[in-house]
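Asks: Starting from the structure of chain S, add chains L, V and R where the hints point.
Residue numbers (this note's numbering), protein chains in the order written: chain S, 9 to 125; chain L, 69 to 576; chain V, 8 to 655; chain R, 4 to 492.
What the hints contain is simulated information worked out from the structure, not anything from laboratory work. For clarity, every value in this text was computed on a predicted model and none was experimentally measured. Heads up, the beta-carbon is just placed ideally off N, CA and C, and yes, glycines get one too. There's no promise every hint is true.
[Claimed, not checked] Taking beta-carbon pairs under 8 Å as the criterion, some of the chain S residues facing chain V (in silico):
no., residue
1, Leu43
2, Val46
3, Leu47
4, Arg50
5, Val115
6, Asp118
7, Arg121
8, Ser122
9, Leu123
10, Lys124
11, Gly125
[Claimed, not checked] Computed spacing ranges between beta-carbons, pair by pair:
no., chain 1, residue 1, chain 2, residue 2, range
12, R, Val471, L, Ala89, 23 to 29 Å
13, V, Leu614, S, Leu91, 54 to 60 Å
14, V, Gln620, R, Thr362, 44 to 50 Å
15, R, Val471, L, Arg426, 24 to 30 Å
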Amino acid sequence: MSPVPLLALPGAPSLAAVGLGPYLVVGAALFSAGLVTVLARRNAVAILIGIELMLNAANLNLVAFDRFGPGLVRGQVFALFVLVIAAAEAAVALAIVLNVFDSRDRVDVDQVRSLKG
Amino acid sequence: MLSLLVFTPIAGLLACWVLPARHARAINLVTCAAALVLSVVVWQRMDAAALGSLANPLAERAAWIPPVGIEYYLAIDGVSLALVLLTTFVAFVSAIASWRVEKLERGYHMMFLLLLTGMLGVFLAEDLFLFYIFWEVMLLPMYFLIGIWGGPRRQYAAIKFFLYTLAGSVLLLAAIILVVLKNPGEGGRLVWAIDHYTALAASGHALLESGLAGLAFVFMFIGFAIKVPCWPFHTWLPDAHVEAPTPISMILAGVLLKMGGYGLIRIAYPFFPATAMDLSTWVAAISVIAIVYGAFVAMGQTDFKRLIAYSSVSHMGFVTLGLASGTDEGLNGAMYMMLAHGTISAMLFMVVGVIYDRAHHRDLDRFGGLAWTMPRYAMFGSFAFFASLGLPGMSGFIAEFTTFLGAFAGVDRWAAFVALLGVVLTAAYYLITLQKVYLGDTPAVYKDPKHYPDLTAREVAVLAPLALVTLYMGLVPSTAMDLYMDVARGLTRTLAQAASGFPGLGLG
Amino acid sequence: MLTVALAILAAPLVGFVLQYAWGPRLWRQGDWLTLLAIGVSLVGSGVVLADVWGGATYRWTWEWFTPGAVGSALSIGIAIDGLTAVMLCVVSLVAFLVHLFSMGYMHGDPKYPLFFAWLQMFSFSMLVLVLAGNLLHLFMGWELVGLCSYKLIGFWSERPAPANAARKAFLTTRIGDLGMMVALMAIYAAVGSFEFDRIFEAVEQRAFDDPWLMLAGLGLFAAAVGKSAQLPLHVWLPDAMEGPTPVSALIHAATMVAAGVYLVGRMVPLLSPEVLAVIAVIGAVTALMAGLIALAQDDIKKVLAYSTVSQLGYMFLGLGVGAWHAGLFHLTTHAFFKALMFLGSGSVIHACHHEQDMRKMGGLLRRLPVTGGTFAVGVLAIAGAPFLSGFYSKDAILSGAWNRFPLLFWIGLAAAVLTAFYMTRLYVLTFLGRPRDEHVHAHAHEGGLSMTLPLLVLAVLSVVAGWPFLGWDAALLAPPTHLRVEGVATVGDLHFEHDGTVMVLAIAAGLVGLVAGYAVFGRLAHRLDALKAPFRGLERAFARKFWFDELYREVVLRPAYGLAAWFTATDQRGVDGVVNAVGRGGTRGARVSAFVDRVVVDGLVRLTGAVCQFLGAGVSLLQSGRVRLYLGVSVGALAVILLLEGLS
Amino acid sequence: MDLGPLLPAVLLTLGILGVIVTDLLGRGRRPAVPVTLALAALAAAAVAALGIPTGDGLVLGVLRADAFGVVFAVFCCGVGFVSILATLRGEALRTPGGEFLTLVLSAVLGMVMLAMSADLVMLYLAFELVSIPSYVLVGMRRADPRANEASLKYVLFGAVSSGAMLYGLSWIVGLCGTTSLDGLGAALANGAASEPAFVVASVLVFAGFAFKISAVPFHFWAPDVYAGAPAAVAGFLAVASKAAGFAGLVRVVAATLPSVPALGDPLGGLLPEGGPLIRAMAVGALLTMTFGNLGALRQREIKRLLAWSSIAHAGYLLLALCVWSPDAMAALVLYLVAYLFMNLAAFLIAGIVIRELGTGDLAALGGLGRRHPGLGLALAVVLFSLTGLPPFFGFVAKYSVFYAVLAKGYVWLAVIGLVNGVISLYYYARVLSFLYLAEPAEERTLRLGWPDRGLLAALVLPVVVFGVAFWGDLLEWARRVGPAVFGGG
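Next up, chain S with everything else stripped away, as it sits in the complex:
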């Protein structure tokens, strides 16, 4: 069943015509952006955002593959699960971050290094 083009803008290429390639590229870009944010930012919340980006990149991949794959909807089911888990993880992570940084003025991960050696 071919998908119905949502945006009937003239000249806009229909989703089907675009093919799998670009989605994977965007997915990869999203993943690497998330990775870079995780490594570059000192703010704990920013790191969590980065992690979310990585998870969504995986979601994008899953959905894209499913769309262009044999279409057993497995990928999308997987993506749904990932969304739920990502939410849970974010909640827990934020709770921990809150707990750690309520006594400190700045949410700076580098200040937290008493455990070492």
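Replies: Below, chains L, V and R without anything else, positioned relative to chain S:
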């Protein structure tokens, strides 16, 4: 019977644990005496045939881990019997010497008995896995005995001893597994019995193909050489001896060093006869270095105990020299040196212990003229010194002489000549020490008999038996030699066949 | 016969054990017990001598242990033949007399009983050596003798000097013994047994051939050089004079040093011609050199010590040139008169309250008539005066040399002159002339009967032993049958008839030495210092000399003294210096190698530990606590793994 | 399609719900009820798991209840049970609150699912179900800044690595078109394996599992987290989550390995051949062993030392895994069982020591061997067993691993492993030297309550007993369970 012998010390250990601490030393002594009596009983029950091979009525074999084919297999032949007798005798004498240990008495005697079980187990185990278990069980008590009851640098010495020996035994384990893996028994079941592989190798069947065989032999050789100790792997011995308490030094020198030699004669050489003979020049080289280098370094020592430790390194060089020659006389000399050195070095360490208990230091340059204040002590001391430098009439001479006969008739004749130099050096450093400690004018501090009494009855009870055995073994060597010669001749036959085209004079 | 032999051995052993254990508590501290024990051996030796006179030989062997293959059993055993009988008598007789002498000499010494114990042990070891039926058994006796000499030389080891001398003696002889070990190994490798006759048969049937034969021969001779203090291993003998004088008499005159000669004598069939030549040369050179050094010594015992070295050189010369009978004959006679002179010197030293320097003595003949008289007999005997024992044995050796190596003959002759010369010097300085030290002279008095009796007995023996018509030497010292084997020991007929010219020359040499000695030291005694002076300031002295003295001094004295001084110097700084240097170097080298062992070999072990610690530090340093660093490193490592995967 | 195999999961879920309800109702007045309920749930789940008929069939298409899965289910329930008991006496809360119990139960539930999973989605779900509760468990003691810091590091590190794993999984799902492990195998066989993308994906998946089993280069979190977390929780993580991680990794490797062509081997015979995942694991194994042992050499605090030692043991386990033979699998299972007893005992003792002496650094341990012989002896036995010395269970485990490695002929790999064992002796014996050889810091003798001694004995006895006897049936059992992963019950 053999199981009874191996696990009697465990019974003693439990008794020590249960009964109050002050009985511990008595229990220890009684158990060691029992072990000695048991070993003599075993000796009486072994006829000439039993001495010659492991398959005799005394062997005890039971399945232990069926899926892997490991058996609880104890057996005894001439070689094991000789070393078991040495072990129980030196242990008994050391138990007497341990009479005055006060610190954590119960723990000491329990560890002592655990050590005795480990040693007896090594000499009697005929299953490679069981052998390895006893080989490592023996390390635990030694670590604590040196570590807790030792001298000032005891922790360093204890951990160095443990690490060094463990590294060796790890290589040994790898080699054992390789051998077992590559020669499965019928139906793919693994075989662990030592005599199975000895027979296999003797019949000319190579246990491992040449490349791997070389590797396995070198691993095994290093594992055992650390215990002997051969020249490059000897540096743990001086530290361990200097820091260990006197009775433990006696056991360490008297028995533990023989396990390396025993391992080479029971496992390494019979399993890989061809490789052993190919590498005999290397083995001869390190033994000669051990003899001459050990003697030379001993001459430079100022600590009495460290000097005797290096003299042990030098004397154990004869064991590997005898082995490397691959002749009947060489093997005989190697075995005899193990027995002779066992009693003599135990006596030497007791001699050091006696003076250390009184002077609380071991610096040779501060001693002097003890012969005049402690004549009986000087008598035993000089007896031990002359026995050790190989004066005829004592076991040391027979051992060195037979080894020289073997080495000279063997493949590496040059080694015999260089080793001769060691004989003179040994005489030199012993006489220098004798003069420093016993002769010359007596410094004031050693004069009053209150602080420096002559030997007590207990000390004589330790030294006298050792001296008598050394003298007996010097005058009547045939009793000891008849024990292990059949096995030794068997091994030399295998080595000769394996070398095929034995370049020597074709003797023996 | 076996019981007698065993009795000879057992007596001193039992004596030693009893004396060592209970000596101090016995009556007279046990000296009578030990004397009795050695007496038994003496009587036993006599019985053996009588039995063997006719040429009978005995041999008993007991299997000892099997070192190698089933058949190769080594044995110990007793063998008795002419040579053994002679040696037995010499050893037990001299031992007995020394025991007797020591009762007087050592009287009052705190360790009196211990001395006699070790004398017993020494006699036992010597008898074991002599009675040994095979080379291994002999070697055991050989080393035990070394031990006893260590104990006896170092008897007064409260003082460092005797202790050092004892150690040096043991170590130098031990170096020699290495040669014996090599010989034993070579013989075992070639013959498989140490029985004398088995070895000689193997040599005969060429089974035992070069190079092992040569090696064995040289090895045995090396041991003999060590034990009999020949060049270059002679350095220990002069130092061994630190021991009590009876010890010197017993060990360094009659028995232990003679063991080397006995060994070479016993093993002659084994020695190939080249080895015999080496023995002869070394014997001759040692004889000459030791004689020269003896000339320059002032300590009475040192002179005798070097004289012994010289006489032993003679014996080896005899054996080397094939005069087997002569060498051993001289061994016997020398034992008597050298023991006599040592005991004499002991008596002198005892009299002068342990004064050993001859320059402080002089004119003692009047104070010590018996010692002086017997000593004179000794001097005459060793100088080779006719009708005394020394003449016959030395003459036999010289005639042997004359037949084989004329060059060695002349060296031997020169040595003979020197012997006479320094012996006379000793006698004159000690007994004749005016006493130079009133204090020493006043108190000198003759020892008791225990000291004088041995001197008399030995004096008689020194005279009688040599007479040919007694014929004991012919009966007992018949050369062994294997000796006449052509090719190996091409020795030809070993029984030389006394060559006329040789006899004349020998007598002349002896007389010249005696007369010159007496002339220089007797008549010119008062000018002695002047005589020695030129040797230091040669030009100044020339002006003041009479014509006769100058000639005499120029022709004989100065070269003799020059050579003597030079030899003494080389001896002290040369060979002895080398030995001491090796000793000092040894200990310093040992310190260095002990350091090397601790730093290098042990260092490597500690290095591996340190490397692990260093890496451990690295790993835990990486654990800096900062999360972002962790993430960075992990992702980086991930990238590296990806790269690795991509590559392969 | 019966739901039998799901029984353990159901029981655990009921347990969680029960604990929450009783804790709410009881409002903390009667704390014993939720604890007993939690323990009961764990015990029931373990018993139920044992009862499951082990077949090769799939349950709900996502779980495979084979012998391998059952063993791990029982294993994780057991660890959970012991960890709860340990917290009763350990340094953590006096009486663990409801939240702690629910978190432990849910983590155990996740582990059971992970061990049995046969589908990538279930795999990831279970993976996260184990991780998320663990993050909170580490940070339970909110007042303690060290615990907070530990949980922060744990959550950040965990999230990043699971994110990377997920991205890898997405690619694998994409390439193979299915999420079921069996389907994966088939897809890889016909060509999917050669795609470069697959190589990258498999390495990323390895990153996720490497974090879970604390293998180098994803080990950084372990030392800090174990030091910060309470000893009992650290023990739980060190044993349970590591075991679950290995179970998951085994499932993935079992599915992918057969069909992946062996790549060339740059290191020439040192490393086992096999797909990119195997090679990555092999390098990981070598690095983990060495880093773990070296890191532990200089530690001065007992929990941190045990952390590094658990990294080293992860290395040995990974070594067995990457050799990938029936013997190796049996060795893996056996090693994990031994590891359970040894490590839990070690962490329990650490907890007790920290509770009694107030600090974990080794200097304070002075003369403990004399002040409390029982505790000293137990620690000595455990440490010698961790080193792998004969009369103890640790030796049997290590022997079987190296036997498997040598059986495949990797001699030098085995030697490196064995030498690592020797290095480990140094720091284990160092602890003992503080215990016995050093002079006692203070003379106060230590008294332990009944439950401590009971729990300690329960953990230490098997280490000694299995070291000496019962090897036959142990090896037999392991050989039956391990290879089950290859399919066929």
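Asks: It remains to establish, for every hint, whether it holds in the given structure.
Replies: To see whether the hints hold, each was checked on the structure:
no., hint, result
1, Leu43, "holds, 7 Å"
2, Val46, "holds, 6 Å"
3, Leu47, "holds, 6 Å"
4, Arg50, "holds, 7 Å"
5, Val115, "violated, 13 Å"
6, Asp118, "holds, 6 Å"
7, Arg121, "holds, 3 Å"
8, Ser122, "holds, 7 Å"
9, Leu123, "holds, 6 Å"
10, Lys124, "holds, 3 Å"
11, Gly125, "holds, 5 Å"
12, R:Val471 x L:Ala89: 23 to 29 Å, "holds, 26 Å"
13, V:Leu614 x S:Leu91: 54 to 60 Å, "holds, 57 Å"
14, V:Gln620 x R:Thr362: 44 to 50 Å, "violated, 24 Å"
15, R:Val471 x L:Arg426: 24 to 30 Å, "violated, 44 Å"
The earlier numbered hints that this structure contradicts are 5, 14 and 15.
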